[in-house]
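Residue numbers (this note's numbering), protein chains in the order written: chain C, 2 to 183; chain E, 7 to 753; chain F, 2 to 308.
Any given hint could turn out to be false.
With beta-carbon atoms standing in for the labels, derived distance ranges [what the hints assert, rightly or not]:
{"#": "1", "chain 1": "E", "residue 1": "D605", "chain 2": "F", "residue 2": "T298", "range": "38 to 48 Å"}
{"#": "2", "chain 1": "E", "residue 1": "D651", "chain 2": "F", "residue 2": "A227", "range": "27 to 37 Å"}
{"#": "3", "chain 1": "F", "residue 1": "A227", "chain 2": "E", "residue 2": "T296", "range": "32 to 42 Å"}
{"#": "4", "chain 1": "E", "residue 1": "G204", "chain 2": "C", "residue 2": "Q129", "range": "37 to 47 Å"}
{"#": "5", "chain 1": "E", "residue 1": "G569", "chain 2": "C", "residue 2": "Q129", "range": "55 to 65 Å"}
{"#": "6", "chain 1": "F", "residue 1": "T298", "chain 2": "E", "residue 2": "E362", "range": "47 to 57 Å"}
{"#": "7", "chain 1": "E", "residue 1": "E346", "chain 2": "C", "residue 2": "Q79", "range": "25 to 35 Å"}
{"#": "8", "chain 1": "F", "residue 1": "T298", "chain 2": "E", "residue 2": "D417", "range": "36 to 46 Å"}
{"#": "9", "chain 1": "F", "residue 1": "R231", "chain 2": "E", "residue 2": "D651", "range": "46 to 56 Å"}
{"#": "10", "chain 1": "E", "residue 1": "D651", "chain 2": "C", "residue 2": "E172", "range": "32 to 42 Å"}
{"#": "11", "chain 1": "C", "residue 1": "Q79", "chain 2": "F", "residue 2": "P178", "range": "48 to 58 Å"}
{"#": "12", "chain 1": "E", "residue 1": "D651", "chain 2": "F", "residue 2": "T298", "range": "28 to 38 Å"}
{"#": "13", "chain 1": "F", "residue 1": "K78", "chain 2": "E", "residue 2": "G41", "range": "34 to 44 Å"}
Hint data in this document are derived by calculation from the structure and do not stem from the laboratory. Even glycine gets a Cβ: it sits at the ideal position worked out from N, Cα and C.
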Amino acid sequence: MARYAMVIDTRKCSGCQSCTVACRVNNELPIDMIYNPVTTHGPIGKFPHVRMVHLPLLCMHCGNSPCVDACPTGASQQREDGIVWVEESKCVGCKTCIMVCPYGARVTNAKKGTVQKCNFCKDERVDQGKVPWCVQTCHQKARVFGDIEDKDSEVYRLVNTTKTTGRLLEELDTEPFVYYLY
Amino acid sequence: MSTKFDLEQEGVEVKKACCYFCHQNCGCLVYVKDGKILHFEGDTDYPTNTGGLCCRGNVNLIHLDHEARVNFPLKRKGEKGSGEWERITWEQAIDEIGTKLEEIRKQYGAEAVATAGGTSRTDDWARRRFMNLFGSPNGFHNSHLCWIPTFMIETAVYGWSPFEIDLGTSRCLVLWGQNPGISTLPEMSGVSALKAKGLKVIVIDPRFTETAAKADLWIPVRPGSDLALALAWINVIIYEGLADYEFVYEHCVGFDELTAHVEEFTPEWAEPLTGVSADIIREGARMYATNKPGNIQWGTAVDQIGKPAGATQHARAILRAITGNLDCPGADLLTGPSKEFVTDEEMELNEYLSEEQRAKQLGSDKFKLVTWPGYGRIAEITKKYWGKAPTAEWMCEAHPPSVYNAILTEDPYPVKALLVSATNPVNSYGESKKVLAALKALDLLITCDYWLTPTAMLSDYVLPMAGSFERPTITSTYGCSDFLMCSQRAIQPMYERHTDFEFWRDLGIRLGQKEHWPWETLEDAYFYRIKDLGYGVESYDEFVEFYRFHFPEREYFKYKERGGFATPSGKIEIYSSVLEELGYPPLPQYIPPVENEIDHPELAKEYPLVLTTGAGVMPFHHSEHFNIQELRFIRHEPHMEINPDTAAEYGIQEGDWVWIETRRGRIKQKASLTEGIRPGTVFTERGWWYPERDMRDPELGGCLESNANVLTSVADEDCDPMSGSWANRGLLCKIYKVQSSDRKEDK
Amino acid sequence: MSQKHETWGWMLAFDFFFAGMGAAMLLFAGIAELFVGSNLSTLGILAGAVFIACGAGLLVLELGRPFQALRVFMNPKAILTFGAWNMSIAIVAGLLLGTSWIELFPWFGIVGLRKILAILCVITGFIVATYPGVLLARHKSRPFWNGPGMMVLFLTSSLLTGLAAYIVCGWVSVAAPAVYALFPQLAAGLCAFQFVIWIGYLWIKSSGTTAREVAAVRRWTTGNYANPFRVGFMFLGTVVPLALFLIPNGVSIGIAGILAILGGLLMRNLVVYSGQDRTWLPGEEKYRSRLPHGDETFLQKVWTKQI
């Protein structure tokens, strides 16, 4: 069985936000919903000695996902391949998952009253053997998607050969499956 | 199986189209059935974008059938700017416009008809062809602000512009006033990949841009002072013995004069002028000169600094020459024009414009480089050497501010009609208030556009244009590359939209130019251009489907085989005889920023801060896309950038609305405090207007409210004497907080 | 569209408050029934059940899809599901227990039933009084909530407001002697305890283990919550009632009860809203602050299509 993961190379990301738009347009999200913001950290320091990092965010498809545990209806689920998703018909919009998610990865759909989130474009892309939209659209190839249990995969290689690899808020024991290279 | 659409169903065709929102023209695969687009994505086989699409690329289908698009020819019904339109047929539009143009030509001469263009997202050879046949020399673009003066200076010095950078084996890349991290994303991906392999990257920019954040060295130069930096670099390279003497002695003329000329331009001399420490200046010069081969990538910034622009471009050109970073592997390549396909210039029929009419080209008496005097001379030289000339549409333009002046003052002669194609001059040309007044003063204003922009709102006719996916596209770097990349239409234009080619052709035929417009469709015209490439194809579409690209084999050291360079002396003319002939200094003389505290102390008292405008920000392009919610959401308000220390001096906090004022006027944008900009410098976003507001005159979508071009200067004395580029950067301004009383529309 | 919609709001705070208060009331009723065999106050028991029901009602209203509310019983692993079950049982048990003291109802005076109901009330009452605190405490990314302290704070406030509610009931109708004699003193004790543990809580957080916690507490000590917290909750909702509870006078004790209840309500609101302070990821706060709020003109614009 595969275990999907994403590697984001912040050394390459230039903060153009194309992934944000690609996600919104292709997943036909209402205008106020963003699954994958790209934040700008910095410029940090004092002119002219500054640095700046762009940080693409999305659902971390955690190994230990608090949202799935907290969902009172069972709408939040995790597939065997690690993809965390929301079964819309079951969601009552209690926002518990929004509150427990440390990554701000979940958003309410004001029209439907439900909570939605990144599901790695499972239906339209991953299950069709394609990469998620945010990965395809990235000119900088800053996002790499794949099966981290496959030793021949690019994600496995990047995570295991890059010295500067980190995950966000690892100390919360969520075991995120999105890795950042810096 | 996709749940949204079945792309494998019968009758689905995959079209190799391209995005048309900037001139990168990223490849797209478009799935079409029965003339309707089901789906599209970035083409992973396209060499530049390899499947990638930026923010704008992703909204192609939203753009294609957006509610606000102009879909039918419109004729003004009420007063100018009243927003009252009558829908007419194309036949009526062409006929009426043709009649009016004839009348104007009869009464005032052909030169009373001018055309304004925008970015190269039109088939401007067709426009030029029309204008040449019509007899007017007064076509113009924003090209003065975007590469064209650089191209012409470099062509004067080396015989062609070395815009083709051979990054693969390069060891150093200088990004001079360019921010590919936001503006040319496909290029940036190459840079970061190579950087990982050891490429040194130097970014010269007053702002700590997305690209500067990835650089090995950031040189935060004072806006408009690039010339001092370039001269100091030359000084360091020569006086520290870092020049490539073998190359210089064998292939260049004027090195000794240069050596004497730059003696005084030491890094210490440049330090107070550029605001960059002499050490950093030295470090940059050494990095470029010692990591060979290296590249200097062109950026728009230097084209937009006004008066010192030409000298700066010259000095920058010299840097390549003295380091030998020209036409060798890993350096900047002098490809020359294509010998194989029909270039844009060859489609223009420039020979049809008489000497008499050429001489009337507005601004050509003052600014000679990118008008007929300079272009004519350079074209003559390049034709002799390469057999071809640079594209006249771009490289040989009326001087836009001079045209707007002529409209307003009838000096030196009246200009009565303006045909605007793919631009919104109110927001895109310098000194917006003047431009706006000029547009209102015209007898006839025609706008070809996708949207009812502020300019379109003032027009007598607005014509609906075919855009992305609705037109075939040849991408060839303003018609100056030796390669081409081709894309096809995915669908025929929706509603009654036409390509600009059809517009110029129909208008031309109406005005008796029928014999000169043999191609019924744009595909026919394109086929004419590529048919001799030897691919054995029967149509343009067939070429796109089977080949799509034509990349000639890369040749290095062409000057060795060809016996020199395309200059009068056959050498690289550091000391430029062409510039001297035109009456300009043959070596770059130091010219300070357009407005500065040394030459204008009184001005600096009132306007103490340095202003830079004109840089692009995602997700917009020039003045486009403010009406597309999906993009606007990301950046819904204009922001000016300012260092926190400077902001504190003026009591300005993050998120405050701030007036930015120059001698020309004031605009407001929201404060963004950042350590990524030099203290004392203000950066404003370009292009802003508010399509959601009342679009009728005088509100015109708030087109002057946050529009950086209200601040810029087009005064003759602020323009580059060679090319006439006006000043978007290196100006002086003051700022103050917007009071709540004048904040009615700060949503 | 505004960011507020992305976090819990006042309805959930009211739910926590009502459910906590009601649950504590049932807990006390159950204890009285089991260990003393007395009825604290019929009105109080019924009010307890109704309060929990009010809380549950507000919880339903807070949902994005209220008509699908029954689905919250579905995931036994989720605390919210556990809480929902307990609230439901508590409401039924409370109503039955309360009505069993009213002659009108057929089950009036069945002592065995009352004992069973009392056991249910004690168990579910304790759980409902505690679980909101547990729920919040487990939010690792909400630094103000995270940690066992929140459990104690919520349970304390539930117990205090429960006692106060009985005192108020006793004020407006008849109640068992203990409500008049014992409860004010217990309430005063809890006020004192509440005062101390809140200071302790903030102090521990502010000298906390992570910078995030320190930042989260700043809102309470110097930020926009400082005044409501200090004046509203600590002084008027805790210290003043503490003093008034100790004055053996019906009116002052009644007022103390009301103040303590209002204090508890205020505190729940402050706590729930402080959940907005998620641990921001690098650059995230600025990013979100620059997004549109939802009322911008460009979002409202309707174009007329040319056809």
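Tested hints:
1. D605/E with T298/F: 38 to 48 Å: 43 Å, holds
2. D651/E with A227/F: 27 to 37 Å: 30 Å, holds
3. A227/F with T296/E: 32 to 42 Å: 59 Å, violated
4. G204/E with Q129/C: 37 to 47 Å: 38 Å, holds
5. G569/E with Q129/C: 55 to 65 Å: 58 Å, holds
6. T298/F with E362/E: 47 to 57 Å: 52 Å, holds
7. E346/E with Q79/C: 25 to 35 Å: Since E346/E and Q79/C have Cβ atoms about 57 Å apart, the given range 25 to 35 Å is violated.
8. T298/F with D417/E: 36 to 46 Å: 41 Å, holds
9. R231/F with D651/E: 46 to 56 Å: Violated, since R231/F and D651/E (Cβ atoms, about 35 Å apart) do not stay within the stated range.
10. D651/E with E172/C: 32 to 42 Å: 35 Å, holds
11. Q79/C with P178/F: 48 to 58 Å: 56 Å, holds
12. D651/E with T298/F: 28 to 38 Å: 34 Å, holds
13. K78/F with G41/E: 34 to 44 Å: 53 Å, violated
Comparing the model with each earlier hint shows violations of hints 3, 7, 9 and 13; every other hint is respected.
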